[in-house]
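K.L.:
Per our numbering, the very first residue in the first sequence carries number 5; after that it's consecutive.
Quick caveat, the hints were computed from the structure, so don't treat them as lab data. On a predicted model such as this, the values are computed, not experimentally measured, just so you know. Incorrect hints may have been included.
To be verified - Restricting the straight-line Cα-Cα distance to at most 25 Å, the calculated cross-link-like pairs of lysine to any residue (SDA-like) are:
(1) Lys190 / Glu123
(2) Lys161 / Val132
(3) Lys76 / Lys177
(4) Lys156 / Pro251
(5) Lys187 / Asp75
(6) Lys302 / Glu14
(7) Lys25 / Thr10
(8) Lys268 / Tyr8
(9) Lys109 / Tyr218
(10) Lys187 / Glu87
(11) Lys268 / Lys217
(12) Lys187 / Lys109
(13) Lys302 / Asn263
(14) Lys109 / Met317
(15) Lys109 / Glu281
(16) Lys217 / Tyr151
(17) Lys109 / Gly393
(18) Lys271 / Trp116
(19) Lys25 / Val113
Unchecked claim - Pair ranges (Cβ atoms, derived):
(20) Gly135 / Ala338: 54 to 60 Å
(21) Glu265 / Lys156: 30 to 36 Å
(22) Gly24 / Phe234: 39 to 45 Å
(23) Leu407 / Glu342: 40 to 46 Å
(24) Ala339 / Gly135: 56 to 62 Å
(25) Gly135 / Glu93: 37 to 43 Å
(26) Glu333 / Lys302: 23 to 29 Å
(27) Lys302 / Gly220: 28 to 34 Å
(28) Arg370 / Lys109: 32 to 38 Å
(29) Lys156 / Ser355: 28 to 34 Å
(30) Glu265 / Glu333: 45 to 51 Å
(31) Gln130 / Trp59: 37 to 43 Å
(32) Glu424 / Gln19: 58 to 64 Å
(33) Arg325 / Arg94: 36 to 42 Å
We put the beta carbon where it would ideally sit given N, CA and C, even for glycine.
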Amino acid sequence: MRIYNTLGRELVELQTRDDGKIGMYVCGATVQSAPHLGHGRSAVVFDVIRRYLEWLGYDVTYVRNVTDVDDKIIDAARAEGVETDVIVERAYGAFDEAHRLLGVKEPTVEPWATHHIPEMLELVEQLVDTGHAYEVDGDVYFSVRSYPEYGKLSRHKPDDLRSGSRVDANERKRDPLDFALWKAAKPGEPQWDSPWGPGRPGWHIECSAMARKYLGDSFDIHAGGHDLIFPHHENEIAQSEAATGVPFAHYWLHNGMMNLEGEKMSKSTGHVIDLLEILAEHRPTAVRMVYLRTHYRKPLDFSESGLSDAEAMLDRLWGFRRRVEGSVEDVADAAVLERFTAAMDDDFDVSGGLGVLFDLVREGNRRLDAGEDVGPLVAAYDEIVTVFGLAEPVGDSGDLEDLIADIARRHGAASGGIDELLAIRDRARADREWAISDAIRDDLATIGVTVEDTADGSRWHRG
RNA sequence: GGCGACGUGGCCGAGUGGCCAGGCAAGGGUCUGCAAAACCCUCUACCCGGGUUCGAUUCCCGGCGUCGCCUCCA
Numbered sequence: 005m006r007i008y009n010t011l012g013r014e015l016v017e018l019q020t021r022d023d024g025k026i027g028m029y030v031c032g033a034t035v036q037s038a039p040h041l042g043h044g045r046s047a048v049v050f051d052v053i054r055r056y057l058e059w060l061g062y063d064v065t066y067v068r069n070v071t072d073v074d075d076k077i078i079d080a081a082r083a084e085g086v087e088t089d090v091i092v093e094r095a096y097g098a099f100d101e102a103h104r105l106l107g108v109k110e111p112t113v114e115p116w117a118t119h120h121i122p123e124m125l126e127l128v129e130q131l132v133d134t135g136h137a138y139e140v141d142g143d144v145y146f147s148v149r150s151y152p153e154y155g156k157l158s159r160h161k162p163d164d165l166r167s168g169s170r171v172d173a174n175e176r177k178r179d180p181l182d183f184a185l186w187k188a189a190k191p192g193e194p195q196w197d198s199p200w201g202p203g204r205p206g207w208h209i210e211c212s213a214m215a216r217k218y219l220g221d222s223f224d225i226h227a228g229g230h231d232l233i234f235p236h237h238e239n240e241i242a243q244s245e246a247a248t249g250v251p252f253a254h255y256w257l258h259n260g261m262m263n264l265e266g267e268k269m270s271k272s273t274g275h276v277i278d279l280l281e282i283l284a285e286h287r288p289t290a291v292r293m294v295y296l297r298t299h300y301r302k303p304l305d306f307s308e309s310g311l312s313d314a315e316a317m318l319d320r321l322w323g324f325r326r327r328v329e330g331s332v333e334d335v336a337d338a339a340v341l342e343r344f345t346a347a348m349d350d351d352f353d354v355s356g357g358l359g360v361l362f363d364l365v366r367e368g369n370r371r372l373d374a375g376e377d378v379g380p381l382v383a384a385y386d387e388i389v390t391v392f393g394l395a396e397p398v399g400d401s402g403d404l405e406d407l408i409a410d411i412a413r414r415h416g417a418a419s420g421g422i423d424e425l426l427a428i429r430d431r432a433r434a435d436r437e438w439a440i441s442d443a444i445r446d447d448l449a450t451i452g453v454t455v456e457d458t459a460d461g462s463r464w465h466r467g
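All chains should be built: construct the whole structure from the sequences, respecting the hints.
P.N.:
Now the structure itself:
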């Protein structure tokens with residue numbers, strides 16, 4: 005399998021450190037405000053990569069962190085006049101709900117930054133002891149010049165960066181490029197004891213410390229948004245490798261940014277679409293489909309029309325699967341899976357994989373029309389759709405049952421069940437009482453239930 | 001200024017040195033009480049200019065255009 009490694013900027017063969025095992029670290033949320041569409045993309049594309057690797061048989065340890073201490077969290081708390089916990093809990097709740105709706109699998113471990121202060125301090129101490137970091141008035145800075153390979157991920161040369169205008173001149177740093185590992189406490193801020201006095205961690209150190217704790221000094225895959233390449237991931241590499249002397253992550257994966265009207269979505273500019281809002285207005289699986297239609301490394305421009313296309317794609321997929329009741333016993337069609345694997349093995353070409361899936365659906369529908377066996381195709385469908393996380397959700401129909409019951413009783417179905425209602429409709433159709441059968445169908449349509457008449461009888465589904 | 005990505009049919013979006021992506025939309029058919037679904041057919045594209053080649057959308061060079069990062073960011 006070939007994957008694109010940002011470190012080296014090329015497609016390379018995936019070689020795991022341990023046969024059959026993969027350690028994967030994904031930069032998760034800074035729980036500072038509500039998630040937007042871009043956060044959802046990152047969560048979903050790496051979820052699919054993880055699911056695919058697991059489907060191939062790898063034992064994946066999937067670590068996704070929560071950063072719950074950060075300048076912006078402190079700012080937000082101050083602005084609202086509340087403790088940082090309030091901000092953190094609210095934002096975490098929103099991310100968690102979005103992940104649930106999007107069908108993102110739970111990580112193997114979800115470490116929180118504030119629960120790993122000792123691990124961070126240990127790393128910082130190591131860096132100070134080895135001369136890669138220095139303390140000034142309770143702050144500890146990483147000395148970028150002490151790590152000769154600095155810039156190997158982002159391809160920024162320290163000398164070029166130095167001339168960049170946005171590097172702030174902090175008097176206490178020995179070099180403008182140096183970044184904070186530990187920040188001395190300011191009044192009213194969250195703080196922990198350290199060898200350099202009370203303070204809090206810098207932005208980058210938590211990922212280095214937590215990846216190390218759960219995956220080891222060296223591990224396979226580190227992933228995150230493209231915008232994290234510099235400085236976040238560059239700094240992680242520098243501080244980790246300077247401390248341990250061994251390579252940090254072997255493969256760096258970065259997802260492309262979400263655009264809105266051609267411009268990057270970004271928290272700082274307010275140019276965003278709230279994730280939970282869009283998930284409430286549309287089927288969450290359709291939002292997931294939007295993410296998966298475009299290759300994970302490419303920019304993705306969000307549009308309403310793209311979302312309705314995704315809805316239609318889902319209807320086609322699920323419409324096929326509904327034609328076959330329940331699970332199938334058959335072995336999945338080998339030729340289909342081979343095509344699917346060939347696409348996915350090429351740097352997770354999900355779009356290509358979707359092409360295979362839709363080909364399967366057309367062939368499956370054709371065979372069903374012809375009365376031929378579709379077992380192996382349905383089995384393959386189920387496998388692929390599970391890897392993509394696009395299976396039709398089941399359950400959650402409590403409200404719907406009440407709505408159906410109302411309509412059923414109105415049409416004389418004493419039980420209030422949809423089966424009896426459809427039986428009444430079938431009788432009406434047999435008697436050519438079209439007004440009755442159409443009224444039942446129209447009434448069900450008003451609550452989002454679609455009735456389709458086929459040669460084998462009537463089917464119904466939501467949406 | 002430095003580093004990087006991308007430009008495919010009405011729209012979205014894979015991919016490939018010569019032959020099929022796929023989806024959505026549109027038009028025509030089959031089926032059907034009607035509808036829906038499904039199936040069949042049509043719509044055959046690769047920013048521009050050079051070059052390499054028997055042959056380039058695909059490789060190389062040069063333009064043009066769009067976008068991202070350069071210590072807030074998934």
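K.L.:
Hints first: check each against the structure and report whether it holds.
P.N.:
Verification of the hints:
no. : hint                        : result
1   : Lys190 / Glu123             : 22 Å, holds
2   : Lys161 / Val132             : 24 Å, holds
3   : Lys76 / Lys177              : 22 Å, holds
4   : Lys156 / Pro251             : 12 Å, holds
5   : Lys187 / Asp75              : 11 Å, holds
6   : Lys302 / Glu14              : 15 Å, holds
7   : Lys25 / Thr10               : 21 Å, holds
8   : Lys268 / Tyr8               : 22 Å, holds
9   : Lys109 / Tyr218             : 18 Å, holds
10  : Lys187 / Glu87              : 19 Å, holds
11  : Lys268 / Lys217             : 34 Å, violated
12  : Lys187 / Lys109             : 34 Å, violated
13  : Lys302 / Asn263             : 11 Å, holds
14  : Lys109 / Met317             : 22 Å, holds
15  : Lys109 / Glu281             : 21 Å, holds
16  : Lys217 / Tyr151             : 22 Å, holds
17  : Lys109 / Gly393             : 9 Å, holds
18  : Lys271 / Trp116             : 21 Å, holds
19  : Lys25 / Val113              : 15 Å, holds
20  : Gly135 / Ala338: 54 to 60 Å : 58 Å, holds
21  : Glu265 / Lys156: 30 to 36 Å : 35 Å, holds
22  : Gly24 / Phe234: 39 to 45 Å  : 33 Å, violated
23  : Leu407 / Glu342: 40 to 46 Å : 44 Å, holds
24  : Ala339 / Gly135: 56 to 62 Å : 59 Å, holds
25  : Gly135 / Glu93: 37 to 43 Å  : 40 Å, holds
26  : Glu333 / Lys302: 23 to 29 Å : 39 Å, violated
27  : Lys302 / Gly220: 28 to 34 Å : 32 Å, holds
28  : Arg370 / Lys109: 32 to 38 Å : 33 Å, holds
29  : Lys156 / Ser355: 28 to 34 Å : 30 Å, holds
30  : Glu265 / Glu333: 45 to 51 Å : 49 Å, holds
31  : Gln130 / Trp59: 37 to 43 Å  : 38 Å, holds
32  : Glu424 / Gln19: 58 to 64 Å  : 60 Å, holds
33  : Arg325 / Arg94: 36 to 42 Å  : 37 Å, holds
Checked against the numbered hints above, the structure violates hints 11, 12, 22, 26; every other hint is satisfied.
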